[in-house]
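Order-wise, the sequence lines are chains A and B. Under this note's numbering, think of the first position of the first sequence as 3, with each following residue one higher. Under this note's numbering, think of the first position of the second sequence as 2, with each following residue one higher.
Just so you know, not all the hints are guaranteed correct.
In silico EDC-like cross-links for lysine to aspartate or glutamate, where the CA-CA straight-line distance does not exceed 20 Å [stated by the list, open to error]:
#, chain 1, residue 1, chain 2, residue 2
1, A, Lys44, B, Glu45
2, A, Lys44, B, Asp110
3, B, Lys12, B, Glu84
From the structure, some residues in chain B lie toward chain A, with a derived Cβ separation under 7 Å [said to hold, decoys possible]:
#, residue
4, Pro44
5, Leu46
6, Arg49
7, Leu103
8, Pro105
9, Asp110
FYI, nobody ran anything at the bench for these hints, they're computed from the structure. All C-beta atoms in this analysis are idealised placements derived from N, C-alpha and C, irrespective of residue type, glycine included.
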Amino acid sequence: GENVEQHPSTLSVQEGDSAVIKCTYSDSASNYFPWYKQELGKRPQLIIDIRSNVGEKKDQRIAVTLNKTAKHFSLHITETQPEDSAVYFCAVPSNTGKLIFGQGTTLQVKP
Amino acid sequence: EAGVVQSPRYKIIEKKQPVAFWCNPISGHNTLYWYRQNLGQGPELLIRYENEEAVDDSQLPKDRFSAERLKGVDSTLKIQPAELGDSAVYLCASSLAPGTVLWPQHFGDGTRLSIL
Numbered sequence: 003g004e005n006v007e008q009h010p011s012t013l014s015v016q017e018g019d020s021a022v023i024k025c026t027y028s029d030s031a032s033n034y035f036p037w038y039k040q041e042l043g044k045r046p047q048l049i050i051d052i053r054s055n056v057g058e059k060k061d062q063r064i065a066v067t068l069n070k071t072a073k074h075f076s077l078h079i080t081e082t083q084p085e086d087s088a089v090y091f092c093a094v095p096s097n098t099g100k101l102i103f104g105q106g107t108t109l110q111v112k113p
Numbered sequence: 002e003a004g005v006v007q008s009p010r011y012k013i014i015e016k017k018q019p020v021a022f023w024c025n026p027i028s029g030h031n032t033l034y035w036y037r038q039n040l041g042q043g044p045e046l047l048i049r050y051e052n053e054e055a056v057d058d059s060q061l062p063k064d065r066f067s068a069e070r071l072k073g074v075d076s077t078l079k080i081q082p083a084e085l086g087d088s089a090v091y092l093c094a095s096s097l098a099p100g101t102v103l104w105p106q107h108f109g110d111g112t113r114l115s116i117l
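So that you can see chain B by itself, here it is in the shape it has in the complex:
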């Protein structure tokens, strides 16, 4: 079974430039998560999708961040414009639809973003 696939693995951009990250979840996983992990800290949720619907985006800085999951499979996270403080690893995870039971979340390798 293929795991969660993310691209690119690394991205270096100048501040104020746009950037986008792509995620392909594990086949059959209806729930998709985007996390941000700062150096030396645990991942923090940015947004959670159930199929195409964003059900928890309370931690997403909506002035500059956006996400989409148009067909309920792949997802894209965008930052425009990027700021120095956005330097972090952006992780995508997926799980089966939780329903009343919380299913294990499996992570991709992440995109390491560096803002110059």
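This is chain A alone, in the form it adopts within the complex:
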């Protein structure tokens, strides 16, 4: 089955710096790669996703890059702000369509 590895597990940056979180997956047939942000006690919120026919997608300060050959994709947050502090999860669909989530990255943005 699909295996998803997410790194790092924790990330601390200074406000204004960039943050990068990486996920690797095992099934080369995967074609959809979402990222979720979850604040404490709240729902996972879809913040950006990418399909396998593109290598990069950007939405204001966040971007996702995909390397299908190497089977990894990354979340990039630029000009980080304290409100970016949360747990971020990557996910990859299994061959049955369910999402397999990574272990999560706790991002702390220090003001």
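For chain A, the structure is supplied; the task is to place chain B on it using the hints.
Coordinates of chain B only, in the frame set by chain A:
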């Protein structure tokens, strides 16, 4: 557009008691998912519905968990009897019918279950 609605938000029960969670998906979303999220971990799928049909329930502990989606809209997840290890957040999500394309899944606020 209203999001995925779940109730209750919190539930505290004693072990061996029954408990039920309710979910109303986003209007027009044919696919509904129930996930369980343990503390410090990502959500894990329990069951997925396409309309009224449960198409993936391989991770549902069927000895004590049951789910239904009788009219293809709202869904209920039940645990009977609850065990201490069932303490978790139960999340509902919905998406358009995937077909050959995987559509984004949108989550509700979840039900935080605590077993005493």
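Here is how each hint holds up against the structure:
For the proposed pair lysine 44 of chain A and glutamate 45 of chain B, the alpha carbon gap of about 16 Å is at most 20 Å, so the pair holds. The hinted pair formed by lysine 44 of chain A and aspartate 110 of chain B meets the criterion: a straight-line CA distance of about 6 Å does not exceed 20 Å. Proposed proximity of lysine 12 of chain B and glutamate 84 of chain B is supported: the alpha carbons are some 14 Å apart, at most 20 Å. For proline 44 of chain B, the interface hint holds, since its Cβ comes within 7 Å of a Cβ in chain A; the closest pair sits about 6 Å apart.
Against a cut-off of 7 Å between C-beta atoms, the interface hint on leucine 46 of chain B holds, since the closest Cβ of chain A lies about 4 Å away. At its closest, the beta carbon of arginine 49 of chain B sits 6 Å from a beta carbon of chain A; the interface hint therefore holds under the 7 Å criterion. For leucine 103 of chain B, the suggested interface contact is upheld, since its CB lies about 4 Å from the closest CB of chain A, less than 7 Å. Given hint, proline 105 of chain B at the interface with chain A, holds; its Cβ is 5 Å from that chain's nearest Cβ, closer than 7 Å.
Taken as an interface hint, aspartate 110 of chain B checks out: its beta carbon lies about 5 Å from the nearest beta carbon of chain A, inside 7 Å.
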